[in-house]
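> Now for the letters of each chain:
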Amino acid sequence: MSASNFVFGLFLLSTAALGLVRPAIAGEPAPARQKELVHLVRQDCGSCHGMTLNGGLGPALLPETLRDKPVEGLVATIYYGRPGTPMPPWKQFMSEAEAAWIVDKLMTKFPQ
Amino acid sequence: MRLILAFVLALLLNACAGPQLRGTGDLGLVIERASGHVTLVNTTARQPYARIAGLGDLSHASAVYSRDGRYAYIFGRDGGLTKVDLLAEKIVKRVIQSGNAIGGSISQDGRIVVAQNYAPGGIKAFDAETLELLAEVPAEYAPGQFSKVVGLADVPGNKFAYALFDGGEIWVTDFSNPRAPTTRRYPAGQQPYDGLVTPDGRHYMAGLFGEDGVALLDLWQPEKGARKILENYGRGQEKLPVFKMPHLRGWSVAQGKAYLPAIGRHEVLVVDVATWQEVGRIPVRGQPVFVMARPDGRQVWVNFAFPDNGRIDVIDTPSGKVVHRMDPGKGILHMEFAPRGENVWLSARDDNKVVIYDTENFARIGEIPAASPSGIFFTSRATRIGF
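Protein chains in written order, with numbering that gives the first Met the number 0: chain H, 0 to 111; chain G, 0 to 386.
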């Protein structure tokens, strides 16, 4: 394989990889909206869950505390709230896809 | 001649270099929640005079004062308890006392500082001088089950009253013997979210989240137990979502009435403190969080939970009506009145400043820069029961 072929191969590989990732990215909020959502989570969810997400009146929202919980359940908890607890529904402030994005970030590494 | 002048100058310099004596009655602090700072402020000059770093996670922080107003005890979310000297402008002592704290209080005699904790659930008492641990009262309401503690308030007799969010009880712990406290328990209701003691130190109230109502304990006749007031104020109607828990303190009592946030309703509930009957409800522009009377009780200022947290409504107590509505900034988290109430300081979290208003004509009379400010605490709290 010549050097140029190798580079072309890499190019193909990377576009293929991008293609694979794209469906997930399609659901991602725009950068400005991401910033708003991060602010919402840290400041307003933070009144109960802590600005550092270490928990307060509400449970901690760290990757290790959420790891064993089903993603759909977490998304529903944000979107619809959890009756019988102080957790309110946040659906008037975000779409379900945005709630899913928040859960994804909480379960990996939540932006500052 | 020159020599004499030099001598006089030296004398003058010496006079200036001596320690500047000052009292603490017009000092205070602003919590800067995101960066672990506090800004020290002067309420006469209406200016900051120092900024102190290194207080840890202050995302939910509160402060109480030594009775001389010199030392602030600051309780951080991360369980940090920091003693700050307002005159020397520095941290005197700092301990990490729990994993997750919500606030604290100081005893009647000023010798014991008590922290209330979510994890591990319970309270801890410290020597106010040294911050040495004196005693611990785990909030174990059932075997092996610990509750988050809310609404801690100092009450006369070196006692502390508080409520158990998960346990649904009010506890009163007597620290007459600081190393061997004794505790009495009173069933209160579902999910107390915060509590307050009336300014005379007699009644302790715990607001309930899990049901409509407020639990009331007469500390002069505790054997009668806690009873419920404002029961069914929601009248079975569906609640509006609550995006931030309201906060209660003795500041809610004015002119013989208590002004309390309704849960899940955009109303302030008014209770006559002689009969404990509801005597009114005042519609406001959101879920109330802080409902605070001006020290003279003529006005009650209300701020709100997300998404209405840019607003302030001012209630005139004689007429029971909102007489002023304003939008003083983004993320108004807290307010504090000057000791006698001629002005009020508001934290505008997302504007990164504290804004100061004249309470008579509602004119903005100043502002102070602060990074993501939340709680504002003036030393005038030092002499008040339940602060």
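Don't take each hint at face value.
[What the hints assert, rightly or not] Straight-line alpha carbon distances no greater than 20 Å define the calculated EDC-like cross-link-like pairs of lysine to aspartate or glutamate that follow:
(1) G:LYS92 <-> G:GLU128
(2) G:LYS82 <-> G:GLU131
(3) H:LYS108 <-> H:GLU27
(4) H:LYS68 <-> H:GLU35
(5) H:LYS34 <-> G:GLU131
(6) G:LYS227 <-> G:GLU128
(7) G:LYS329 <-> H:GLU35
(8) H:LYS104 <-> H:GLU27
(9) H:LYS108 <-> G:ASP56
(10) G:LYS352 <-> G:GLU366
(11) G:LYS238 <-> G:ASP199
(12) G:LYS329 <-> H:ASP103
(13) H:LYS34 <-> G:ASP165
(14) H:LYS90 <-> G:ASP350
(15) G:LYS352 <-> H:ASP43
(16) H:LYS90 <-> G:ASP56
Hints listed in this document are in silico derivations from the structure and should not be mistaken for laboratory results.
> Hint by hint, say whether it matches the structure.
Going down the list of hints, with the structure as the test:
Pair hint LYS92 of chain G plus GLU128 of chain G holds up; C-alpha atoms about 9 Å apart against a cutoff of 20 Å. Using a Cα cut-off of 20 Å, the hinted pair LYS82 of chain G and GLU131 of chain G holds, with the two alpha carbons roughly 12 Å apart. With a C-alpha separation of about 15 Å, the suggested pair LYS108 of chain H and GLU27 of chain H falls inside the 20 Å cut-off, and the hint holds. The suggested pairing of LYS68 of chain H with GLU35 of chain H is violated, with an alpha-carbon distance near 25 Å, which exceeds 20 Å.
Restraint check: the Cα-Cα separation between LYS34 of chain H and GLU131 of chain G comes to about 43 Å, which exceeds 20 Å; the hinted pair is violated. In summary, the hint linking LYS227 of chain G to GLU128 of chain G is not supported, as the alpha carbons are separated by about 39 Å, beyond the 20 Å threshold. Of the pairs offered as hints, the one joining LYS329 of chain G and GLU35 of chain H holds, with about 14 Å between alpha carbons and a cut-off of 20 Å not exceeded. Note on LYS104 of chain H and GLU27 of chain H: the hinted pairing holds, with a Cα-Cα distance of about 11 Å set against a maximum of 20 Å.
At roughly 19 Å between alpha-carbon atoms, LYS108 of chain H and ASP56 of chain G fall within 20 Å of each other, so this suggested pair holds. At roughly 7 Å between alpha-carbon atoms, LYS352 of chain G and GLU366 of chain G fall within 20 Å of each other, so this suggested pair holds. Proposed proximity of LYS238 of chain G and ASP199 of chain G is contradicted: the alpha carbons are some 33 Å apart, above 20 Å. A distance of roughly 28 Å separates the Cα atoms of LYS329 of chain G and ASP103 of chain H; the hinted pair therefore is violated under the 20 Å criterion.
The suggested pairing of LYS34 of chain H with ASP165 of chain G is violated, with an alpha-carbon distance near 34 Å, which exceeds 20 Å. The hinted pair formed by LYS90 of chain H and ASP350 of chain G fails the criterion: a straight-line CA distance of about 26 Å is larger than 20 Å. In summary, the hint linking LYS352 of chain G to ASP43 of chain H is supported, as the alpha carbons are separated by about 18 Å, within the 20 Å threshold. For the given pair, LYS90 of chain H sits about 29 Å from ASP56 of chain G by alpha-carbon distance, which is inconsistent with the 20 Å threshold.
Violated hints for the displayed structure, listed by number in ascending order: 4, 5, 6, 11, 12, 13, 14 and 16.
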